[in-house]
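Novice: Here is what each chain is made of, one letter per residue.
Protein chains: 4
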Amino acid sequence: MYTLITGGTVVNATGSSRADVLIEDEKIAAVLEPGSNILGTAFLAGIDRVIDATGKYVIPGGIDAHTHMEMPFGGTFASDTFETGTRAAAWGGTTTIIDFAVQYAGEDVLTQFARWHEKAAGKCAIDYAFHQIIGGVNDVSLAAMDTLIDEGVSSFKLFMAYKDVFLSDDGQIVQAMQTASHNGGLLMMHAENGSVIDLLQKQALERGETDPVYHGLTRPWQTEEEATYRAIRLAELTGAPLYVVHVSAKQAAMRIAEARDTGQNVFGETCPQYLWLSLEDQLGAPGFEGSKWVCSTPLRPKAHGHQDHMWTSLRTNDLQLVSTDHCPFCMKGQKELGLGDFTKIPNGIGSVEHRLDLIYQGVVTGKISLERWVEICCTTPARMFGMYGKKGVLQPGADADVVVYDPQGKTNISAQTHHMNLDYSAWEGWEIDGHVDTVVSRGLVVVDDGEYFGHAGHGQYIKRGLSQYLI
Amino acid sequence: MYTLITGGTVVNATGSSRADVLIEDEKIAAVLEPGSNILGTAFLAGIDRVIDATGKYVIPGGIDAHTHMEMPFGGTFASDTFETGTRAAAWGGTTTIIDFAVQYAGEDVLTQFARWHEKAAGKCAIDYAFHQIIGGVNDVSLAAMDTLIDEGVSSFKLFMAYKDVFLSDDGQIVQAMQTASHNGGLLMMHAENGSVIDLLQKQALERGETDPVYHGLTRPWQTEEEATYRAIRLAELTGAPLYVVHVSAKQAAMRIAEARDTGQNVFGETCPQYLWLSLEDQLGAPGFEGSKWVCSTPLRPKAHGHQDHMWTSLRTNDLQLVSTDHCPFCMKGQKELGLGDFTKIPNGIGSVEHRLDLIYQGVVTGKISLERWVEICCTTPARMFGMYGKKGVLQPGADADVVVYDPQGKTNISAQTHHMNLDYSAWEGWEIDGHVDTVVSRGLVVVDDGEYFGHAGHGQYIKRGLSQYLI
Amino acid sequence: MYTLITGGTVVNATGSSRADVLIEDEKIAAVLEPGSNILGTAFLAGIDRVIDATGKYVIPGGIDAHTHMEMPFGGTFASDTFETGTRAAAWGGTTTIIDFAVQYAGEDVLTQFARWHEKAAGKCAIDYAFHQIIGGVNDVSLAAMDTLIDEGVSSFKLFMAYKDVFLSDDGQIVQAMQTASHNGGLLMMHAENGSVIDLLQKQALERGETDPVYHGLTRPWQTEEEATYRAIRLAELTGAPLYVVHVSAKQAAMRIAEARDTGQNVFGETCPQYLWLSLEDQLGAPGFEGSKWVCSTPLRPKAHGHQDHMWTSLRTNDLQLVSTDHCPFCMKGQKELGLGDFTKIPNGIGSVEHRLDLIYQGVVTGKISLERWVEICCTTPARMFGMYGKKGVLQPGADADVVVYDPQGKTNISAQTHHMNLDYSAWEGWEIDGHVDTVVSRGLVVVDDGEYFGHAGHGQYIKRGLSQYLI
Amino acid sequence: MYTLITGGTVVNATGSSRADVLIEDEKIAAVLEPGSNILGTAFLAGIDRVIDATGKYVIPGGIDAHTHMEMPFGGTFASDTFETGTRAAAWGGTTTIIDFAVQYAGEDVLTQFARWHEKAAGKCAIDYAFHQIIGGVNDVSLAAMDTLIDEGVSSFKLFMAYKDVFLSDDGQIVQAMQTASHNGGLLMMHAENGSVIDLLQKQALERGETDPVYHGLTRPWQTEEEATYRAIRLAELTGAPLYVVHVSAKQAAMRIAEARDTGQNVFGETCPQYLWLSLEDQLGAPGFEGSKWVCSTPLRPKAHGHQDHMWTSLRTNDLQLVSTDHCPFCMKGQKELGLGDFTKIPNGIGSVEHRLDLIYQGVVTGKISLERWVEICCTTPARMFGMYGKKGVLQPGADADVVVYDPQGKTNISAQTHHMNLDYSAWEGWEIDGHVDTVVSRGLVVVDDGEYFGHAGHGQYIKRGLSQYLI
Ligand SMILES: [Zn+2]
Ligand SMILES: [Zn+2]
Ligand SMILES: [Zn+2]
Ligand SMILES: [Zn+2]
Ligand SMILES: [Zn+2]
Ligand SMILES: [Zn+2]
Ligand SMILES: [Zn+2]
Ligand SMILES: [Zn+2]
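Taken in order, these protein sequences are the chains called A, B, C and D. Under UniProt numbering, the first residue of the first sequence is numbered 1, with each subsequent residue one higher. Under UniProt numbering, the first residue of the second sequence is numbered 1, with each subsequent residue one higher. Under UniProt numbering, the first residue of the third sequence is numbered 1, with each subsequent residue one higher. Under UniProt numbering, the first residue of the fourth sequence is numbered 1, with each subsequent residue one higher.
Simulated from the structure, these hints should not be mistaken for laboratory data. None of the hints are false.
Treat identical chains as interchangeable: a pair holds within one or across any two.
Capping the alpha-carbon separation at 30 Å, the derived lysine-lysine pairs in DSBU-like fashion look like this:
hint: 1; residue 1: K119; residue 2: K27
hint: 2; residue 1: K332; residue 2: K344
hint: 3; residue 1: K163; residue 2: K202
hint: 4; residue 1: K463; residue 2: K367
hint: 5; residue 1: K332; residue 2: K302
hint: 6; residue 1: K344; residue 2: K302
hint: 7; residue 1: K202; residue 2: K302
hint: 8; residue 1: K344; residue 2: K202
Based on the sequences and whatever the hints tell you, model everything.
Specialist: This is the structure we're talking about:
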């Protein structure tokens, strides 16, 4: 079966050009001069489906490298299942997610990994892969890291916060890094100083400071910057590559930039909320409204320029990619748990559906280039996490994950219309000057012209290789 | 006419994959799955030439963004003409050069530009473009910068050294930068503090220090770093993008990295000689031997780690590309002019033939990745200087400039065998663990299997657009 | 003849304590426990004068290391002569000035030095010394630097601005630094990029921007920072110690701090105007009013925190002392020369009378400590410029230069009441929460209780030694 | 009773001068011009003791701000008691120590403080004060910090290493810093990442690496630098002043310098061993010999320039003072505990007797100035820890703690001749080009011409005030 996407402008990480993309079954077969007659009239006549991309961008399917579908947290679960979450992702032009399998302290890593496989199997609309959270570093979990590499899991996330749940102490971090430096894995780090945050939270509650804004005020930039720097230094000590998740403080981004200047393999992602939203405008909204934007690291004051610096860091490649950290909790029954005590608000924002759009708006407003949009949303995630070639690029042999994006279209974001299982939108009322028109996942058109043609189970598990981004 | 390069591994800036490349006349028509049958048997049978690239790399033709063919300097001329120089370049897999049209102080820019066009017209084996050296900033030359943009010259080189010949003072530099910040041009800078160097040279000669090594010792890293920093600061003041040529001091590279960390459009190139050669081993060779490696900026002490730092900067993208600064002078009759007075040695090294090979050796020895090799030698030069799409990438619609590179081959460099018009080699005796097998220039096979099929005049002038690399 | 200052708190650079100071003729004879009976009743009865300093601070006489009495500039002369200027200094508790002998380009250094000696001889109310401005670096002036060391002039000021008047190019700067690194002299630098400023001024005038505020806007912080960094780097290259005069830009101060962190002998002074005044409030005053505050380096925007950073740098000893750069020009007949063309406004502010008071106000407002006030106004100037022991400290054997300062007093600054020969005050209306009560110069009470007892010719020339502050 | 020190050169932190010092009972009564006749013949005749300091330096008595007399550690006790240790200190010109009262985790702070008072009472040859180690931060110990301020203890030491013994986690550190930022106390920090060190030690032992050199190799500079930076950042977060003890890694010193550049109250001490000794030459000595130099932080490789950088930092005042961290353990019965397991070697070196001499050798060899020697050994310790005026300076009213130091003398260091209770010397065979001739403690000559005249119980407890060094 052949599909031809014709007339569009193919955008990749280094530039863009007019070209046609020919899909054979689940793979890209060729990239061709537009209107080329080399295929022959007969062949062209036999093509099953022609997608007219005239005036539109043709890009590799988006890869969201940081999601938490149905993740258990604080007695509740992230509201999107693998089914609802991947369907919403598809709607937004994301054709691969990397979700986090979770080992809490005390659990067995491989058992947990198997459990996550069970959750996802047969449910996903798009392809999926796993990182593994290591909530308890010990000899068994360290050994499991080697096993997981063979299972296609080449990245391992540790936490410097959330004591007794996820937190690894510095010695444990060094052990995991030593393991990664030997087996080629990539160490991902939630870099916040949990010990200090726990204290500041306790003190805030004692002072009667219970509103959502205190979530941000008890996680000052110093707690992120210090932890980021510590992680970088320990990575340097062990020779392990390091990937810092959800960077939001400009000072943390500066530390990452410094480390890279010395040639260290240190990388960082940021998320749409740290690019567009702020402590003043969203987290500090009156009453309990701010709970919608409680996530960690927190939204930061725009008065101090954190958001601008995130955009600059994306431009300079001091941050390498944008993920969503999709971890949705409904207001009703979930966020509400933190009424009267901000520390009980489940942490997370749901954006898996809107990443491509929200970052494209940065192209529209001159913050990044068109090519950089593709690089940070599609190409680098594939390279960083060992899927490039199969994913992240439009070239012969690659999976036919393709998005046709219309720069003349418009997208209005609202809980009324979004496809995530979430009773509010963190982006309610946002208008995007662009639109995801058509989404192809491994050759299957799953979204086209506002209609959904995908199905649970189409998505396959991706065994990832080692990072292709190390220097 | 069709040519098919088949069975190879196509390498681009972000990754590599098995793919066939189909050329129609002077352009790439398609990139296809290897062994694909979509073209049909009839079409395949009619292909004029099939190049078997099995086991080899297929990459975009190299772009050498810094050459000085037949440049007048100190009463003599660089020994390669456009004819001999571009032919040698082709032998080495370079299919485009950007040469420098020269306005010396007192001359008219546009007259000089026309003169350079005359020199090159009908002589070149491969495509060529021009930067313009502005040796005398004044109202006329500033106005000429606007004209030249329309002529396809979007980059302008100033000098902070060579008083009364090239040197612009800081006020003149600011004027040129103001012009560039308005017309979109890219300011290139030879960043050495000429005033200090002139003094140190005079003092050295007064002390009887006349050997070639004093060329290096009178240009200490401080003279490069200071000038680099000054250029960066003036660029920041004016908003102009800046490209620092032939970076050799690690401290200068650090300044560039710092500026980029703040989001400034500051870029830097280095050259093969600053990656592999040193003041101790080459420039400091006994007697007059060291004159072979007299170039500016000079070779630097490896004891201080400059060379290692250049590689690191290439890895981290704090330096963006590698050019040769090809400016060959024969020992006999040219370098000899400086016997007994190192300041009279013509400055320059001839490497235009060896750039791809010498940097590939960095892949072999683990200094950079295969993709980065292509990026810094082919793709970024095209993007930096406004030729991407036409050059620098293997995609439909691009010029069919292609190199088939054999990682199993060997290349021995020697004046006995090289094709540059130069009576010695700066790289005599170097062995490269790779080999340029086939070179295609705009669809024409110019080199294949050790034979040359090109001709003077095949190369065309490229009108370049504005830089596609600005952030 | 004996004078006893009794009951006060002696403040020095490291701390303060209650102590009496006994003066014998022109020197300090002893520092004693207050009320000590070791002197014996007979001796005490024979003391000629007792100054009651109860409740007051007793400090070494102030040293203003940067003044320009009757300096020729732009066709006019600074309005204070050595007679009027030193008398005003005495009123304000300054008992030593270091003025600048001036060699303009084309003049002979030693001839000029002799001329300055003539101007000052027999005129000064307080002791005085000279720095030498070298406006024309050449073999003769370099040789003169050695001679001047023997004459008690151990510091030499160069300029990176004022082309054809004062400006030295970088090669000349290096020559002077080489000389200083051999003879032990201290290189002082006016660090502004004159070439860029000249251009920006010309462009501003062409745009019809003629008001005083453009004096500041055409000397942006980059012109100061760049020049400061360049001077630091050249000093590093030559091994010469460097003292940057009138630092006003925070970025320049940061460069000095960085250099000191590496152990380089780099120092900086700032002036009261850069601590308290700003481009917005003073230089940008409506109409021609701003001309009162035209000085170079210029007042800088407080919105960018320059003034705060100057205070911080004084606290951290990244700037070492405060001088006035006293260079007064009257509004009438002098500043007026620049009506309609800000580049013709004579550059300078008159503050020699108010330095101790203005910096003491920083103690009152918590910006620096009491000890630091004495250190930056009295002790470090003596050490920096080779007079310590004789000046800058209250200890036996030192010159009896003493100020009794009343922290309960008040000082109102106004052109109506000041003693400088200046028809306006840059500090009109300022109230200081302290007061200079008594000033002793080499044993002579020159000011006491609002009356002046000094006389022209009391002040002697101080032959200075080499800097005592180098590390 | 009167004592007159005559004919010497009085050296203080800013300079030196010829002066006589008159002592009345326990205090300094006057500093006088040498040979002054103001005292009168009769008075002079009645002076009880005249000390001829001709050709010698007269300096304030040394203050060793970091000692551990008879400290319990790992089942044994530091071998010097308050009696033997303070006597040895006196021999070396130190007239005040600040020792550490110790709260181990689980103990009560005030009880422990009282215990330390008991140990010292009636035993000391010279004056003494206390810092308090807080080994267990909790509400009781935080409250005790306020009480201790009133008891003359204004500095509190925490540890980032030594789990279950001393270590505070980051939240505890923040709590203690919050307390200090309110009560004016100074937070002292043992800055090493204990969690990482514990792991590296365990891994080393598992590999059979048991020799003393592994003590250094398992505490790489990263563990010190990271902890130092973390402490600085937490201090910045809380507004507390911070004093980092025993800095030995150049990278840690750089972090301190950076923090000071921003105006933060961050200080650091180093110790003689980090200035003169190294991992290669001492700690790495063959066999068990290296155990003599096992201390924490460890001796560092001189190949990496740590020692040079410590000297530079002292010059630039990025480190403020030199203490000994005197914590002696005999080879026999104590260091031996670690035979076959370096982690069991008691940590510490005994130097309390040699600090003035060892740092004076830095003056002789041109590393620091004479004045800086006095500043870092005598004056700044007094200012830093709230004793200035009474201690640290030669001025009327100050305690008569005076050392006459002979720059023509020689001192040979050896366990044969030293006065510490220690069966070896870390400095065996060192020759110092200077000699402590006479030591006066609160008016009593305790050492003179190689004889000891002091006695246990002469030393008094000093109630210290708040730091006088904060900016
Ligand atoms: Zn996280
Ligand atoms: Zn997450
Ligand atoms: Zn050049
Ligand atoms: Zn060149
Ligand atoms: Zn000046
Ligand atoms: Zn001046
Ligand atoms: Zn310690
Ligand atoms: Zn200690």
